[in-house]
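Trainee: Listed below are the residues making up each chain.
Number of protein chains: 6
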Amino acid sequence: MGASEQGAGQRRERFERGMEVLTRVDGEGGQRVVDALADISPELAHQVVAWGFGDVYSRPELASRDRQLVTLGMLTALGGCEPQLEVHINASLNVGLSPVEITEALLHSAVYCGFPKALNATFVAKKVFGERGLLPVTAA
Amino acid sequence: MGASEQGAGQRRERFERGMEVLTRVDGEGGQRVVDALADISPELAHQVVAWGFGDVYSRPELASRDRQLVTLGMLTALGGCEPQLEVHINASLNVGLSPVEITEALLHSAVYCGFPKALNATFVAKKVFGERGLLPVTAA
Amino acid sequence: MGASEQGAGQRRERFERGMEVLTRVDGEGGQRVVDALADISPELAHQVVAWGFGDVYSRPELASRDRQLVTLGMLTALGGCEPQLEVHINASLNVGLSPVEITEALLHSAVYCGFPKALNATFVAKKVFGERGLLPVTAA
Amino acid sequence: MGASEQGAGQRRERFERGMEVLTRVDGEGGQRVVDALADISPELAHQVVAWGFGDVYSRPELASRDRQLVTLGMLTALGGCEPQLEVHINASLNVGLSPVEITEALLHSAVYCGFPKALNATFVAKKVFGERGLLPVTAA
Amino acid sequence: MGASEQGAGQRRERFERGMEVLTRVDGEGGQRVVDALADISPELAHQVVAWGFGDVYSRPELASRDRQLVTLGMLTALGGCEPQLEVHINASLNVGLSPVEITEALLHSAVYCGFPKALNATFVAKKVFGERGLLPVTAA
Amino acid sequence: MGASEQGAGQRRERFERGMEVLTRVDGEGGQRVVDALADISPELAHQVVAWGFGDVYSRPELASRDRQLVTLGMLTALGGCEPQLEVHINASLNVGLSPVEITEALLHSAVYCGFPKALNATFVAKKVFGERGLLPVTAA
Numbered sequence: 001m002g003a004s005e006q007g008a009g010q011r012r013e014r015f016e017r018g019m020e021v022l023t024r025v026d027g028e029g030g031q032r033v034v035d036a037l038a039d040i041s042p043e044l045a046h047q048v049v050a051w052g053f054g055d056v057y058s059r060p061e062l063a064s065r066d067r068q069l070v071t072l073g074m075l076t077a078l079g080g081c082e083p084q085l086e087v088h089i090n091a092s093l094n095v096g097l098s099p100v101e102i103t104e105a106l107l108h109s110a111v112y113c114g115f116p117k118a119l120n121a122t123f124v125a126k127k128v129f130g131e132r133g134l135l136p137v138t139a140a
Numbered sequence: 001m002g003a004s005e006q007g008a009g010q011r012r013e014r015f016e017r018g019m020e021v022l023t024r025v026d027g028e029g030g031q032r033v034v035d036a037l038a039d040i041s042p043e044l045a046h047q048v049v050a051w052g053f054g055d056v057y058s059r060p061e062l063a064s065r066d067r068q069l070v071t072l073g074m075l076t077a078l079g080g081c082e083p084q085l086e087v088h089i090n091a092s093l094n095v096g097l098s099p100v101e102i103t104e105a106l107l108h109s110a111v112y113c114g115f116p117k118a119l120n121a122t123f124v125a126k127k128v129f130g131e132r133g134l135l136p137v138t139a140a
Numbered sequence: 001m002g003a004s005e006q007g008a009g010q011r012r013e014r015f016e017r018g019m020e021v022l023t024r025v026d027g028e029g030g031q032r033v034v035d036a037l038a039d040i041s042p043e044l045a046h047q048v049v050a051w052g053f054g055d056v057y058s059r060p061e062l063a064s065r066d067r068q069l070v071t072l073g074m075l076t077a078l079g080g081c082e083p084q085l086e087v088h089i090n091a092s093l094n095v096g097l098s099p100v101e102i103t104e105a106l107l108h109s110a111v112y113c114g115f116p117k118a119l120n121a122t123f124v125a126k127k128v129f130g131e132r133g134l135l136p137v138t139a140a
Numbered sequence: 001m002g003a004s005e006q007g008a009g010q011r012r013e014r015f016e017r018g019m020e021v022l023t024r025v026d027g028e029g030g031q032r033v034v035d036a037l038a039d040i041s042p043e044l045a046h047q048v049v050a051w052g053f054g055d056v057y058s059r060p061e062l063a064s065r066d067r068q069l070v071t072l073g074m075l076t077a078l079g080g081c082e083p084q085l086e087v088h089i090n091a092s093l094n095v096g097l098s099p100v101e102i103t104e105a106l107l108h109s110a111v112y113c114g115f116p117k118a119l120n121a122t123f124v125a126k127k128v129f130g131e132r133g134l135l136p137v138t139a140a
Numbered sequence: 001m002g003a004s005e006q007g008a009g010q011r012r013e014r015f016e017r018g019m020e021v022l023t024r025v026d027g028e029g030g031q032r033v034v035d036a037l038a039d040i041s042p043e044l045a046h047q048v049v050a051w052g053f054g055d056v057y058s059r060p061e062l063a064s065r066d067r068q069l070v071t072l073g074m075l076t077a078l079g080g081c082e083p084q085l086e087v088h089i090n091a092s093l094n095v096g097l098s099p100v101e102i103t104e105a106l107l108h109s110a111v112y113c114g115f116p117k118a119l120n121a122t123f124v125a126k127k128v129f130g131e132r133g134l135l136p137v138t139a140a
Numbered sequence: 001m002g003a004s005e006q007g008a009g010q011r012r013e014r015f016e017r018g019m020e021v022l023t024r025v026d027g028e029g030g031q032r033v034v035d036a037l038a039d040i041s042p043e044l045a046h047q048v049v050a051w052g053f054g055d056v057y058s059r060p061e062l063a064s065r066d067r068q069l070v071t072l073g074m075l076t077a078l079g080g081c082e083p084q085l086e087v088h089i090n091a092s093l094n095v096g097l098s099p100v101e102i103t104e105a106l107l108h109s110a111v112y113c114g115f116p117k118a119l120n121a122t123f124v125a126k127k128v129f130g131e132r133g134l135l136p137v138t139a140a
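These protein sequences, in sequence, are chains A, B, C, D, E and F.
So the first sequence is residues 1 to 140, counted in my numbering.
So the second sequence is residues 1 to 140, counted in my numbering.
So the third sequence is residues 1 to 140, counted in my numbering.
So the fourth sequence is residues 1 to 140, counted in my numbering.
So the fifth sequence is residues 1 to 140, counted in my numbering.
So the sixth sequence is residues 1 to 140, counted in my numbering.
Hints are supplied without guarantee of correctness; some may be wrong.
No distinction is drawn between identical chains; accordingly, a pair holds when it is met within one copy or between any pair of copies.
Unchecked claim - Below are the DMTMM-like pairs computed for lysine to aspartate or glutamate, each with C-alpha atoms no more than 25 angstroms apart in a straight line:
#1 K127 to D39
#2 K127 to E82
#3 K127 to D35
#4 K127 to D66
#5 K127 to E13
#6 K127 to E43
#7 K127 to E61
The hints are simulated quantities; they were obtained by calculation from the structure and are not laboratory data.
One chain only, chain A, in its complex shape (with noise of 0.2 angstroms):
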């Protein structure tokens, strides 16, 4: 086998580890980023599979629920990550974070990144609880 067959091996083997963590995480979600990159840039959607997910996401030191409120926390302090907050507030319910804990962490960003970014957040949540028929929610 040669050296360059060998490297493709090893690139589609990342991807297919990234995938298969992408899809338990991230459900159908993760599948429409790859294929709406398909025609602009599949190299993006390689990278975000492989190197994110497959190299990053999957390592065992810290839990699938505790990345999500990392994630959570970094996007809604990024601002503008609007459709990304709405896959990883999916996520995030994938990976046992309950409406109210996910509510209460954009609540509490109000303290570190202002209102207005917490209400931009907490209306992404809106969107996707309401999809998941998770609307209202109440106190736990």
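Dock chains B, C, D, E and F against chain A, hints included.
Mentor: Below, chains B, C, D, E and F without anything else, positioned relative to chain A:
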């Protein structure tokens, strides 16, 4: 008891509740921020404590450990918040996150915020861990 | 009167004071945000009103008009806060800033934030001014 | 000729120089921004053109193609600047960057800004390339 | 007088008008920035002065005091602009804002930007007020 | 050769390819970052090198010089990334950008990011150019 005395009492009470949470989470770091604000903006110190910790942080809807994960994500993403990251990396250790979990959260942040902000945050963790005799960080 | 009833009373009182300020400043825009949060995060609505408006905005140390100038600067600089800018450009008119002053503040912001954010904010002003019959803006 | 007439002449001259650069780089996109600002902030339109393009962009110290590379990086990093990215991805094509170079610049941005902002920018490129019949992007 | 001499004359005139505004607003701080840029980017110094102050700041549509309020909001929100905040907190005092108004504007910023950026800006104010003998800040 | 040994071999190979690119671009600066991370997050060092440089930077779709232009724009826009700007201004010189092009890129950034971030970045360039005996910068 007059209305304004009552207001002053409520205000003191919220501050005291917040100070109790702040001390449990941040140790001496919280008191140092309050002291540093005394001559420039005691009202900002009051609001950090009474609102940030007394009203929001103290709510039971999200565990203290989980609040720190969200906060690490936000402070890394915001950038330029190294002094606050230092307080909150200490706090993260105080509420039970391990050095491995903290550095993994910051590695995870590279996927969403890019390497420069992940590096800045990791070097703050290096300073805090060094002061607490927690270096080198070794895999769990 | 028991301690927790007293706490509930204080909480309601701070909310009412905030709602009074919010209505004076933002008109119906404030109530709409409170309503929109009712099923997803009523606590976030409470904190926006009770803390943001009741505790902070109501303080006499800075005039309402001056608070809006600071807020226009912040929302323009943060980026991605178009919904909040819309509320606050309306509020700016409500508390006495003229269309000329508002568009000049946004022109001024280009020096510190660059043209893209200044343009985004100016197009929000165009929407608000159009709805209120204030176009074209003509020099003082 | 009086001093203020002279000032008006200089002002018009700087605007015209900028308009000439803007049209060469952005095509019709530049004129559309000027038109959209006419009733809300003609002075902002003037400054974008006269200063941004007339004074800065027209300087020979950096090639037009290189200015677009810097600008793609900035707009991606700032976030929330999708309308300006659309103008500048068109401009990048106009001054000689290839679709492969543009998508690669946005893939490169993931390393420094993280995936969410890289994805947002890449989907703007997809829209622009689609309108110009440049999809799918295929390796050089 | 030839066209290029005329251009050079206009350029010098805009710079001089800007320098006059900059000195009135920022005192010696403005000249220090110009001097510091002399060997690395004299053109950036020219543009800060000629455009930022000569063309924009000098416009009568917004009072100097109001421009500083917008600027305090922007610099606090942007983050990482402590050197510029130092210049502009000095400028804010120079154009008539009181220490109470400035610290209140920064407290107000916590509502929109979160505590970390409000704290960073307030500690810059502490430095400036300390140098000018204005500590402690006491209620109006 | 077992699967996990093969994985370890691939991992080392990607790191080595990245290290070769990093050394060519950043000189000693790259090795210093790897060394500084050794006791806190060797995995972050691995990912910066193996992914950032081995997988992304090494791709032929965009010239090294062009990658630096995009990177200068991003780091200036992000703010608070002065340590990374220092590495990348050195890198920009290493891959063939001239001091005039670099300072012009930073002047250009003022149009999109505002003066504070352009000034911060320019003062980092001043430090780097000073260390390399490249001051004063004189027009091409």
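Trainee: Give a verdict on every hint.
Mentor: Results for each hint:
1. K127 to D39: between (28 angstroms within a copy, 11 angstroms between copies)
2. K127 to E82: For K127 and E82, the Cα distance is within 25 angstroms both inside one copy (11 angstroms) and across copies (18 angstroms).
3. K127 to D35: Classified as both: same-chain Cα gap 23 angstroms, cross-chain 15 angstroms, threshold 25 angstroms.
4. K127 to D66: both (22 angstroms within a copy, 23 angstroms between copies)
5. K127 to E13: neither (35 angstroms within a copy, 31 angstroms between copies)
6. K127 to E43: Only across copies: K127 and E43 sit 18 angstroms apart there, 30 angstroms inside one copy, limit 25 angstroms.
7. K127 to E61: Between. Shortest inter-copy distance 21 angstroms satisfies the 25 angstroms Cα cut-off; intra-copy 31 angstroms does not.
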